[in-house]
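J.: Here are the chains, one letter per residue:
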Amino acid sequence: MDRNQLIKWLKTPAKMSHKYSLHAVYFCTGCGIIEVPPSITARWDAERFGVVPAATPRQANLFLITGYVSVKTLKAIIRTYEQMPSPKYSVGFGSCPINGGMYWDSYNTIKHLDKYIPIDGWIAGCMPRPEAIFVAVTHLWTLIDKDMADGYKRYEKHYSAFRANQEQVLGPLPWPPLFSSRETE
Amino acid sequence: MRELELYYGPQHLGMVGNFSITLKVQGDRIVKADANPGYLHRGFEKLMELRTWMQNFPLVCRINVVEPDHIELVYAMGVERLAGIEVPERAKFIRSIYCELARVASHLFGLWAYANMLGFDTAAQWAMYHRDLLLDLFEELTGARVYHIYIRPGGVRRDFPRGFEQKIVSTLHAIGGKVPDYNSLFFENRLFKKRAKGVGTLTREEAMNMGGVGHTLKATGMKYDIRKIEPYAAYDRVDWDVPVYTGGDAWSRLLAIRDEMIESVHMIFKLLDTMPAKGSVCTKTPNPFKWNIPAGEAYVRCESSRGELGLYIVSDGGDKPYRVHFRTPSYSHGLTILEHALQGENIADVGNIMISLYVVAPEIDR
Amino acid sequence: MTHPMVKNLKSMFKPIAVKQQDERRIMLNVPKDSLMSVLIFLKNSGYAHLGLISCVDRIADNKFELVYIVSAYVEEDVDDSMKATFVVSTFVSRKDPRFITCIPVFINAEPYERELHELYGIVFEGHPRLTPLLLEREYPIPPMRKDFDSRAYVEEVFDTVPFVDQEDDS
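Protein sequence lines correspond, in order, to chains A, B and C. Position 62, counted from 1, in the first sequence is what the working numbering calls 1270; the numbers after and before it change by one each time, with no gaps. Position 307, counted from 1, in the second sequence is what the working numbering calls 287; the numbers after and before it change by one each time, with no gaps. Position 105, counted from 1, in the third sequence is what the working numbering calls 96; the numbers after and before it change by one each time, with no gaps.
Simulated from the structure, these hints should not be mistaken for lab results. Some clues are possibly wrong.
[As the list claims (entries may be wrong)] With a Cα cut of at most 27 Å, we get these calculated DSSO-like pairs of lysine-lysine:
#1 Lys74(C) x Lys26(B)
#2 Lys300(B) x Lys54(C)
#3 Lys23(C) x Lys137(C)
#4 Lys34(C) x Lys208(B)
#5 Lys26(B) x Lys34(C)
#6 Lys208(B) x Lys10(C)
#7 Lys4(B) x Lys1283(A)
#8 Lys270(B) x Lys250(B)
#9 Lys74(C) x Lys208(B)
#10 Lys26(B) x Lys1323(A)
Kindly generate the complete structure, drawing on both the sequences and the hints.
T.: This is the structure we're talking about:
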């Protein structure tokens, strides 16, 4: 760490605190539950990157969607995502949220998670190794530095389009809209 | 006292896997529990009808994410029974060693889940670290840490690499040498006994009526193990015993898991000693793109780390399965037994009972 | 070597077909009305473990085939005949599939029948709760039937959801 980098960090303490203490929501959504415990325990330690599991979504700012998303899970994911406070980052893990993956012709899984909640980054693989999670986290740091990890801002801006997509698949949603419809498209 | 409805939902610190339970509580006591599966339903049985017999192997191992090897084994056994294929001798021994390594790795994962739920982080970290040592072995043998796709109808995909037997022996010595430390840290810990004794007690009749298998039944004193009743692979060539405990509560179940792990390690050493040194590892099967299997039906079963795993498979003479239905052990444990065992318990013991019954949610939903 | 139970089953219940695959597997096909008595007879003879209730869609014969797989809880050192598994099946009509529940005989049949109800549309009379177990949405026909095309369904429902255009912000 040289003097220039130290000065750059000290000028943006808010960004530093967003990057280096990512609290991940403890939600095992799919197949990927099998590679998350190895990455948070002793062999591949995620705490050296600042990633720590958080108890509830209201205390978290990283959402790792590990694996395929069925229709029932999508409801839980949307509720969890909307409960997290801003700024929040969401990362799709595995090839199933990207394009359906292994279950592309299943009657109960959705294919592109990007249509329902905003995603900041993807990790490819089936299963990705724990090192891939760490590469994704360091990539996310670069995006946060450049102000490009703005999934939460895009969610607010295009909320009516996201909600229309969610209601097209899930039917009328029992919870009220998160943002009132006054934003511009 | 007022009755409240709580969602012990999919996002919860005490839940392993995407599974939810709706609890009706009065104060701290549970009055009624309703299991709510379906978060992981992918419709495997429909997907498998659209792919050929060999194309189903990468799909079928994702049914149980914690331990995919026994499901590959049981599907390969079903296809072999329908097609009338025999497995060579060395391949049977390799299959047994492979499945026993998977059993030890799966039990270590269960130990991580249980210790993590109790809040006992040290034992959880140790268990996961030792499981990673076993996954290194799998990676050298098959190329992947999870989802190995190693077993195929007629044998296994490839033989052991050179020097692999020594690596297995040294890894198991490293893990087995830690067993006294595990005992003094976790299994003989006063706090673990207080937390797990008397919780979720099942009598033998209740467990048998409600379809309990695996160590849920071994903890009530019954030696019901498919490897002894219907031996497959090489389990009838070596001498081993089924550990049982009486008591039927979470403490007996965890001790039965520990003893089964130790017995598996001893079994692997004996299998390595009696394995034939040379031989083919796979019988030749026809071209997978044009393989039509004669019509018929079969029911095969094996003992996975959670209990009796069965497969009902029907063929109509074509190149795709006509009907495939897996009988998974977590189905009766997670739906019938869990709802019965949770009545009258505290909210804090829900995770305790659920993980000691070894419910893995993807197996319920398939 | 014929299993000792096969003779009793043939004489007492007049099954449509009996096949012994090997010394451990016996497949029976019985008429609809005698299935419950076969299950009760097997349970009283010691085969008290219901492994699976499954269903095969025989669309060519316009029937559903309900399959019940029963075996025994035994330890290793018991007579070989008790280690067998019975696969008992019966045919139900496909137009209006109804059958009686076997919960009075085997308690753990409850989730199996619930799942078959939502995936095939078979109504089990006497079942305490035939609510959806695994599925969240309504499908035009029960999804595991052979005439449900899942690829066409995916194209129609999930592929028509538009991507959200998020590129107009900088």
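J.: With reference to the structure, classify each hint as holding or not holding.
T.: We went through each hint and held it up to the structure:
Straight-line distance between C-alpha atoms of Lys74(C) and Lys26(B) comes to about 32 Å, which puts the hinted pair past the 27 Å bound. Pair hint Lys300(B) plus Lys54(C) holds up; C-alpha atoms about 21 Å apart against a cutoff of 27 Å. Between Lys23(C) and Lys137(C) the alpha-carbon distance is near 22 Å, which keeps this suggested pair within the 27 Å criterion. Proposed proximity of Lys34(C) and Lys208(B) is supported: the alpha carbons are some 22 Å apart, at most 27 Å.
With a C-alpha separation of about 32 Å, the suggested pairing of Lys26(B) with Lys34(C) is violated against the 27 Å cut-off. A distance of roughly 25 Å separates the Cα atoms of Lys208(B) and Lys10(C); the hinted pair therefore holds under the 27 Å criterion. Among the hinted pairs, Lys4(B) with Lys1283(A) is consistent with the structure: their alpha-carbon atoms are about 22 Å apart, no more than 27 Å. About 40 Å separates the Cα atoms of Lys270(B) and Lys250(B), which puts this hinted pair outside 27 Å; it is violated.
Using a Cα cut-off of 27 Å, the hinted pair Lys74(C) and Lys208(B) holds, with the two alpha carbons roughly 10 Å apart. Between Lys26(B) and Lys1323(A) the CA atoms are separated by roughly 25 Å; this keeps the pair inside 27 Å, and the hint holds.
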